[in-house]
Amino acid sequence: MIAVNIRRLAFYLVLSFAVVAGGLGWWQVVEAQQLAARQDNPQVIAARRSAERGSIFDVRGVLLASSVVVDGTSRRTYRDPAFAQVIGYASLRYGTTGVEGVWDDLLTGRADPNPLRELLDQILALRPGSKDLTLTIDQRLQDFAAAQLGDSQGAVVALDPTTGAILAMVSSPTFDATGFSGDPETAQPAWDAVLADPNNPFVDRVRQGHYTPGSIMKVLTAGAALDAGAITPQTSFPDQPGQETQGFVVDGFTVHEHDLGRIQPALWALSPALQVSSNIFFAHVGLELGAQRYLEYARRFGFCSAIRLGTAQRFLTVDPSFVSARADGDCAPFADRVEVANAAYGQAQVDVTPLQMALVAATVANDGVVPQPYVVRDLRAHAAAPSNGPSSTILEAYGGQGGHRAISSQAAAQVRAAMIDAVQGEIGRIFAGAGAVTGYGVSGVSTAGKTGTAERSGGLSPHSWFIGFAPAQDGATPAIAIAVIVEGSGDGSVLAAPIGGAVMAEWLKLLAEG
Amino acid sequence: MRAVRRPVEIRMLLPLVLLVPLGFAVAHIAVSGVLDPGPLGLALAYVGLMLGAHLALRLAGHRGDQLLLPAVATIGGIGMVMLNRLPQESLGVDLLGAHLGMAATQLLWFGIGIGAMLGVAIGFRDDGILRHHKYTWALAGALLLVLTFLFGREVNGARLWLNLGPIGFQPGEAIKLVLVIFIAGYLAEKRSLLAGASARFGPLRVPPLPYLLPMLAIFVIVMLIVVISRDLGTALLFLGIFLTMLFVATGRRSYVLIGLLLFVAGSFAAYQIFDHVRVRVDNWIDPFADPSGTGYQTVQALYAFGRGGLFGEGLGQGLPTIAGHLPIPALPTDFIFAAVAEELGLIGALALLALALVVVFRGLRTAMLARDDFSAMLAVGLTISLGLQTLIIAAGNVKLIPLTGITFPFVSYGGSSLLASFVVIGLLLAISHRSALDADAREHGS
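For the protein sequence lines, the chains are A and B, in the order given. Numbering-wise (my numbering), the first sequence opens with residue 394 and increments by one. Numbering-wise (my numbering), the second sequence opens with residue -8 and increments by one.
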């Protein structure tokens, strides 16, 4: 009797040992790779300390960041502060951010893009070598944009509207990470100096800056309403001219026009309304479109959730933009008609990142398709002498993940025409003429654009915005779409529009040079 | 007593003569980076100790199981290699003015343990002292429990230590042995009654009341241990021993089920009442919620398992130390299994589990061949005390259950545990010796 029970016990014990063995296998084989990728794994920390981290190049192979190992400790040099936020830093003491953070396992050589190689390396206990990255950014344009911003706080982000490749993304003020990316023992003073700057240089304003868009939002409002059939380019609102002076009362709340200066109110259709940037007109458009559809179109343009700057597998995260109040990281339904009317001309609860607004411009430029933005072009074999440029062996390319359609080609063309008028039209050029590339030595090219002035509460001077793209004339493929914000600098026409025009013109000139 | 040959035992022990010093040397070369075997004194002393134990059993004419000692010696050898390869300063004792490092201290305890094992295996002739005084043993155990409650030292929220002069000792290890002896005595006596009659309690079949009460008492004592020692691991071990023995005695799965349900209920209460229990359970559910705080050790252990992979990083090549200190403070005790898995890989960790299973199987075989119910129940209880302890700590390490602060038998650093484990082996050897003698007697008698 006891003997039988002991046999049964033996069976249960073997079963229990097998379960524990299964648990072992789970962590040692199935989950091993997952664990090895975690930043606080001592293996990762030790590997990073001694690894010759891969280099980072610009689109033409100009060296931007590279490492040397001195006395067993890797020291990293960053060659261009204009790239500080997008490249980020890889500090042994303060962790990794930006491209350095997202591509860390490949840069340090802990991982391999080829799963077969990765398995082989694991079995043979080999360490895959460090890899290099090339960005889509052209250093010449990046430095030009940074110089244009100068000492102002703000951001410039430009992309190829067809491919989504980022051409420049600058956040100002910037910092130099070299000082705290070497010996962890001596890193603190350089780190503390950056932290002490009240203007938060560590924040990548392109991805993490949250601003009220003001009038540049009217581009999205127009595109959405045209696509939905809520308006046509000829639609006008009979009450609008009177409301320009008396105000437009929506459910008891009065929408006021901004200071029109010497312009006389008239019955405006889309193009003149965008040229004078009539708040009243776009409040009407927003109400015609309705809360439900406004939210739906905003989502199509990329609002209400984080944007991936990269591929679905590897990307820098761009903070979500909002058209209404936030609810768990998502856009809440509009509270009432008043909020819709105000959001339609870019005030109320609207909160955007520069990259999101550059995508709005790029969508209009790209026939209504939102391009998938990316900033790392490819992964390459490690170049032993990085100052001679990157290796020609491309291990993995990241671009070309198609975008998605937000509005019809026809609606995009109609907005494009209005945006050209907003820069080059009779009235438009008074406000945004400084955004035209023709002012910066490029001839025969049309510019589409829109300025914005983001009112701020508390008597602070407003942020100035410009979004646009060029070439914009019929038959031309736009080569660059841009968003510029200069914090606290007043009207959009004062600072942002000339920077936008100059950067776009610079790019067209660089392209012409080849 | 005439000397006997123990050919299987010596054949299984001989590879250790090569393997343990080799393990010491490989780890030394990897850690120091110098191609030099390093000091092999501890390794040779360890091997000598095991060969000496074999010799003593031979000379004493011992007929006990021949696989127990080699299996235990191999498990212990892996443990010694690991402990010797870790920084020695963190643990250890001061003895007669000299400081002994961690591995040296452990070796000293191996000596004491082997001595105790031989003493019990050879000297233990009559089990009457265990069988007929079971209530005295129970009383002694209860007394130890009370002493621990009154004078115990708290470590990490659990009250597990009693100080005897300069030496700290864990009464839980002694209580465990006493508990096994008492339950074996009780069940051997009442077995038929417990297995046969039954009363109905709702949908459950339970033993009749007079027999239910003592068992409930044991259960209450186990739960008291949770309250007193505040240690879920020890409680789970004790309850597991009790329920397993009850199952073997009666063949009733339902008893085990009821007991486990009550344990879950009790654990839930402990979770509500004791902060350190709650922390451990929360860490079990999601250690990555606070990877640098309360979840730190668990997370570091998982990293160690991950780094080990299939074949391991190699002896001395793991990362149990970062910049000279242990990332897992409890590495030599609670997480030694993770360290083995890191350096010897899944293969090595499975080998360690397989060796533990060999010990369990030899123990159960001893129970099946035992000459009477008491010896059988005693052998089952002793075997299961080692087997369950291995299972609980290994399962805790791989996060199948919340981590509990009990040792991996023969591998973890710790004197009380080592001594108690060797006494268990000594008793198993004694039981199998007597059944071998009985078998001889029957053969010659017929």
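In case anyone wonders, no lab produced these hints; they're calculated from the structure. Treat the hints loosely; a few may be bogus.
Stated by the list, open to error - Computed beta-carbon distance windows for the label pairs:
1. B/266 to A/689: 27 to 35 Å
2. A/427 to B/266: 51 to 59 Å
3. B/9 to A/427: 51 to 59 Å
4. A/507 to B/245: 50 to 58 Å
5. A/721 to B/255: 53 to 61 Å
6. A/461 to B/255: 55 to 63 Å
7. B/215 to A/589: 42 to 50 Å
As the list claims (entries may be wrong) - Derived contacts from chain B toward chain A, CB cut-off under 10 Å, selection only:
8. 91
9. 95
10. 248
11. 279
12. 280
13. 299
14. 348
15. 359
16. 364
17. 385
Keep in mind it's a predicted model, so treat the numbers as computed, not measured. Cβ atoms here follow ideal geometry from the backbone N, Cα and C, with glycine treated the same way.
Now for the hints, and whether the structure bears them out:
1. B/266 to A/689: 27 to 35 Å: 50 Å, violated
2. A/427 to B/266: 51 to 59 Å: Given a distance of about 31 Å, which is not inside 51 to 59 Å, the answer is violated.
3. B/9 to A/427: 51 to 59 Å: 38 Å, violated
4. A/507 to B/245: 50 to 58 Å: For residue 245 of chain B against residue 507 of chain A, whose Cβ atoms are near 55 Å apart, the range 50 to 58 Å holds.
5. A/721 to B/255: 53 to 61 Å: 35 Å, violated
6. A/461 to B/255: 55 to 63 Å: Given range 55 to 63 Å: holds, Cβ gap about 58 Å.
7. B/215 to A/589: 42 to 50 Å: This hint is violated: roughly 58 Å between Cβ atoms.
8. 91: 29 Å, violated
9. 95: 27 Å, violated
10. 248: It is violated, given that the least Cβ distance between residue 248 of chain B and chain A is near 13 Å, above 10 Å.
11. 279: For residue 279 of chain B, the interface hint holds, since the closest Cβ of chain A sits about 8 Å away, which is under 10 Å.
12. 280: Violated: closest Cβ of chain A sits about 13 Å from residue 280 of chain B, beyond 10 Å.
13. 299: Constraint on residue 299 of chain B satisfied, holds at 5 Å.
14. 348: With Cβ-Cβ at 5 Å, under 10 Å, it holds.
15. 359: 5 Å, holds
16. 364: 7 Å, holds
17. 385: Cβ of residue 385 of chain B sits 5 Å from chain A, so the hint holds.
Of the numbered hints listed earlier, those contradicted by the structure are 1, 2, 3, 5, 7, 8, 9, 10, 12.
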